[in-house]
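Visitor: Going down the list, the sequences are from chains A and B. Per the working numbering, the very first residue in the first sequence carries number 1; after that it's consecutive. Per the working numbering, the very first residue in the second sequence carries number 1001; after that it's consecutive.
Everything labelled a hint here was simulated from the structure, so no lab data went into it. From the three backbone atoms N, C-alpha and C, an ideal C-beta is built for every residue, glycine too. Do not take every clue at face value.
To be verified - Footprint (simulated), chain B over chain A, 3 or more residues, beta carbon under 8 Å: (1) 39-45; (2) 48-60; (3) 105-113.
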Amino acid sequence: DGGITQSPKYLFRKEGQNVTLSCEQNLNHDAMYWYRQDPGQGLRLIYYSQIVNDFQKGDIAEGYSVSREKKESFPLTVTSAQKNPTAFYLCASTQGDYNSPLHFGNGTRLTVT
Amino acid sequence: AQSVTQLDSQVPVFEEAPVELRCNYSSSVSVYLFWYVQYPNQGLQLLLKYLSGSTLVKGINGFEAEFNKSQTSFHLRKPSVHISDTAEYFCAALKAAGNKLTFGGGTRVLVKP
Chain A
1 DGGITQSPKY LFRKEGQNVT LSCEQNLNHD AMYWYRQDPG QGLRLIYYSQ IVNDFQKGDI
61 AEGYSVSREK KESFPLTVTS AQKNPTAFYL CASTQGDYNS PLHFGNGTRL TVT
Chain B
1001 AQSVTQLDSQ VPVFEEAPVE LRCNYSSSVS VYLFWYVQYP NQGLQLLLKY LSGSTLVKGI
1061 NGFEAEFNKS QTSFHLRKPS VHISDTAEYF CAALKAAGNK LTFGGGTRVL VKP
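Let the sequences and hints guide you as you build the complete structure.
Guide: Okay, structure coming up:
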């Protein structure tokens, strides 16, 4: 079955450490997205990539970095510069045109203490 | 800037009763509108979408939504809810020719027996 795999499901880190969240898709989708979800704020876009080796900042990119070296993979690094990193992170992909809905992974819950 | 407002953060409802979740958007250009559902600790799934044509859109699980351009609304309805409809629901908008979805803050539906 095709889909998006995010790992791990739960992640705990100490403040000041960088951490990388994995996102892999086997849907052959061109575009991939990272969203952050906080209670009552909906989903906010961190970064997105419409093609391999290219990505753009979303609305809240500060303190995050990404890479898109392969079509299937779009890892997100939460750096120590992110002031409030504890959140639920969702990865999504789409074929890229407006007719195609976003396909989401099941998320990674990151807790930084 | 485009924004999406979900007017109710929580909606308690009894099983087999109807439910309406309100969504308003602001945009000076044409938009495409979506409703997604999120079950606990999972990613989002598409319920329905409005691209053009008939303003009444039917989706999965018995949900439907009506696009009202004059009121810039896209309210979601279900005539009779089940316990399994307990979830969080997100309205989202995409500007025509755009590539980034803007999400509302979400509405948590709790179906009581």
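Visitor: A separate judgement is required for each hint: does it hold in the structure or not?
Guide: Going through the hints against the structure:
no.	hint	verdict
1	39-45	holds (count 6)
2	48-60	holds (count 3)
3	105-113	holds (count 4)
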